[in-house]
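Student: These are the residues of each chain, in order.
There are 2 protein chains.
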Amino acid sequence: MAHISIIGTGNMGQAIAAVAGRGGHTVTLIGKDDADARLGDVVVLAVPYPALADIVASRGAELAGRIVVDITNPVDFATFDSLTVAADGSAAAELAAALPESRVLKAFNTNFAGTLAAGTVGALTTTVLIAGDDADAKTTLAGIVAAGGLKAIDAGSLRRARELEALGFLQITLAAGEKISWTGGFGVIA
Amino acid sequence: MAHISIIGTGNMGQAIAAVAGRGGHTVTLIGKDDADARLGDVVVLAVPYPALADIVASRGAELAGRIVVDITNPVDFATFDSLTVAADGSAAAELAAALPESRVLKAFNTNFAGTLAAGTVGALTTTVLIAGDDADAKTTLAGIVAAGGLKAIDAGSLRRARELEALGFLQITLAAGEKISWTGGFGVIA
Numbered sequence: 001m002a003h004i005s006i007i008g009t010g011n012m013g014q015a016i017a018a019v020a021g022r023g024g025h026t027v028t029l030i031g032k033d034d035a036d037a038r039l040g041d042v043v044v045l046a047v048p049y050p051a052l053a054d055i056v057a058s059r060g061a062e063l064a065g066r067i068v069v070d071i072t073n074p075v076d077f078a079t080f081d082s083l084t085v086a087a088d089g090s091a092a093a094e095l096a097a098a099l100p101e102s103r104v105l106k107a108f109n110t111n112f113a114g115t116l117a118a119g120t121v122g123a124l125t126t127t128v129l130i131a132g133d134d135a136d137a138k139t140t141l142a143g144i145v146a147a148g149g150l151k152a153i154d155a156g157s158l159r160r161a162r163e164l165e166a167l168g169f170l171q172i173t174l175a176a177g178e179k180i181s182w183t184g185g186f187g188v189i190a
Numbered sequence: 001m002a003h004i005s006i007i008g009t010g011n012m013g014q015a016i017a018a019v020a021g022r023g024g025h026t027v028t029l030i031g032k033d034d035a036d037a038r039l040g041d042v043v044v045l046a047v048p049y050p051a052l053a054d055i056v057a058s059r060g061a062e063l064a065g066r067i068v069v070d071i072t073n074p075v076d077f078a079t080f081d082s083l084t085v086a087a088d089g090s091a092a093a094e095l096a097a098a099l100p101e102s103r104v105l106k107a108f109n110t111n112f113a114g115t116l117a118a119g120t121v122g123a124l125t126t127t128v129l130i131a132g133d134d135a136d137a138k139t140t141l142a143g144i145v146a147a148g149g150l151k152a153i154d155a156g157s158l159r160r161a162r163e164l165e166a167l168g169f170l171q172i173t174l175a176a177g178e179k180i181s182w183t184g185g186f187g188v189i190a
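Chains P and U, in that order, give the protein sequences. Counting along the first sequence from 1, when you hit position 172 you're at 172 in the working numbering, and nothing is skipped either side. Counting along the second sequence from 1, when you hit position 185 you're at 185 in the working numbering, and nothing is skipped either side.
Just so you know, these hints were derived from the structure itself, not from any lab. This one's a predicted model, so the numbers in the text were calculated from it and none came from an experiment. One thing to keep in mind: the hints can contain errors.
The list makes no distinction among identical chains, and a pair is therefore deemed to hold if it is satisfied within one copy or across any two copies.
Stated by the list, open to error - When the alpha-carbon atoms are kept at most 20 Å apart in a straight line, the in silico EDC-like pairs for lysine to aspartate or glutamate are as follows:
1) K32 with D54
2) K179 with D133
3) K179 with D154
4) K151 with D136
5) K179 with D81
6) K179 with D136
7) K32 with E62
8) K179 with D134
9) K179 with D33
10) K32 with D136
11) K32 with D134
12) K151 with E178
13) K179 with D36
14) K151 with D81
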């Protein structure tokens with residue numbers, strides 16, 4: 001069983017903690033400003049994009065060697081018309097560059113919290129898309145997701161985080177524009 | 001009833017022709033090298049991305065004033081690791097710049113041909129995401145899609161074509177990697 005730490009106690013952090021807990025793993029939910037709590041093998045950064053830099057600054061050395069999961073959607077909320085990261089980059093790529101000793105994955109950013117908590121999106125089982133350059137790390141996270149009753153798909157290398165963030169952004173704009181609900185969104189039909 | 005011309009007679013052209021035909025519209029399916037066929041009010045360019053430039057060159061003047069629908073996914077098939085358009089742009093934005101007198105929409109690029117032909121993706125009705133800057137043009141296309149038995153969602157301005165193309169690319173990589181089938185993909189749960 002893995003020890004999974006989730007930094008960030010908002011809707012997404014709580015929902016991911018519930019998924020991880022269903023599989024019988026040890027789960028620690030940590031406030032983003034609590035720099036003292038010990039971290040597990042898998043650390044999910046369930047915080048808004050702007051908070052990643054603080055975590056790198058305060059926790060960077062401690063994150064070395066661990067699987068670090070970036071769930072952010074770096075939406076420009078001033079314009080709601082683009083992401084704030086470089087057009088050919090991603091929040092996950094930035095994080096991987098800032099944490100060269102960590103095994104950074106992108107995941108959960110294409111899932112609304114409600115679909116993680118319920119385990120379903122409409123009549124479909126919720127699917128978590130995972131991108132990253134470390135195959136073992138992806139397998140570990142996919143196992144945690146599957147043990148929590150969801151589906152996991154390996155979406156490729158960390159470069160695919162760019163497309164996952166585009167998908168996450170699009171899904172947020174559709175919900176904000178009331179084209180879909182915050183409990184709906186994109187489901188994956190295999 | 002609209003007169004809908006579809007340039008390109010491949011799987012996507014045929015599937016979109018079938019959708020449009022179900023609504024009782026006049027549909028003309030035109031070979032991409034047939035420069036003589038008269039065009040309708042709505043022109044779907046059901047061709048691979050590299051063929052768009054030829055159509056602009058041969059048909060540009062004639063496309064003025066018409067609704068022009070770009071369905072392309074400009075995937076770099078040499079690397080299968082990125083799109084070939086500018087990172088902050090899209091094929092649709094390029095097309096709109098090349099056809100300033102046309103009402104350019106992005107649509108159908110997030111739907112595999114099989115899901116358009118069947119009208120379903122898994123147990124869900126197939127949803128066509130439409131982006132564009134001309135609200136009337138989007139309403140016209142959404143009406144054609146709905147009359148053909150599919151769902152349509154207005155995905156926002158033509159700038160959202162960037163995200164639609166990212167989604168289309170991601171979906172193609174998932175199918176090529178056998179994570180999903182070519183009759184599956186992303187379904188939309190409202």
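Student: I want to check one pair: K179 and D133. Are their C-alpha atoms no more than 20 Å apart within a copy, between two copies, both, or neither?
Tutor: So K179 and D133 pass the 20 Å test across copies only (17 Å; inside, 34 Å).
Student: How would you classify K179 and D81 at a CA-CA limit of 20 Å: within, between, both, or neither?
Tutor: within (16 Å within a copy, 30 Å between copies)
Student: Evaluate K179 and D134 at a C-alpha cut-off of 20 Å and name the case that applies: within, between, both or neither.
Tutor: Intra 36 Å, inter 18 Å, cutoff 20 Å: inter-copy only.
Student: When Cα atoms must be at most 20 Å apart, do K32 and D134 count as within-copy, between-copy, both, or neither?
Tutor: Answer is neither: 25 Å inside a copy and 43 Å across each miss the 20 Å cutoff.
Student: Up to 20 Å between alpha-carbons, please classify K151 paired with D136: within, between, both or neither.
Tutor: Intra 17 Å, inter 39 Å, cutoff 20 Å: intra-copy only.
Student: When Cα atoms must be at most 20 Å apart, do K151 and D81 count as within-copy, between-copy, both, or neither?
Tutor: neither (30 Å within a copy, 24 Å between copies)
Student: How do K32 and D136 come out at 20 Å by Cα distance, when the copy is not named: within, between, both, or neither?
Tutor: neither (27 Å within a copy, 46 Å between copies)
Student: For K151 and E178, with the copy left unspecified, which applies at a CA distance of at most 20 Å: within, between, both, or neither?
Tutor: between (26 Å within a copy, 15 Å between copies)
Student: Are the CA atoms of K179 and D36 at most 20 Å apart within a copy, between copies, both, or neither?
Tutor: Classified as neither; 42 Å inside a copy, 40 Å across copies.
Student: First find the shortest C-alpha distance between K179 and D136 inside one copy, then the shortest across copies, and answer within, between, both or neither for a cut-off of 20 Å.
Tutor: Only across copies: K179 and D136 sit 17 Å apart there, 38 Å inside one copy, limit 20 Å.
Student: I want to check one pair: K179 and D33. Are their C-alpha atoms no more than 20 Å apart within a copy, between two copies, both, or neither?
Tutor: Neither: 35 Å inside a copy, 38 Å across copies.
Student: Could you place K32 and E62 in one of the four classes (within, between, both, neither) given a Cα distance threshold of 20 Å?
Tutor: within (14 Å within a copy, 58 Å between copies)
Checked against the numbered hints above, the structure breaks hints 9, 10, 11, 13 and 14 and satisfies the rest.
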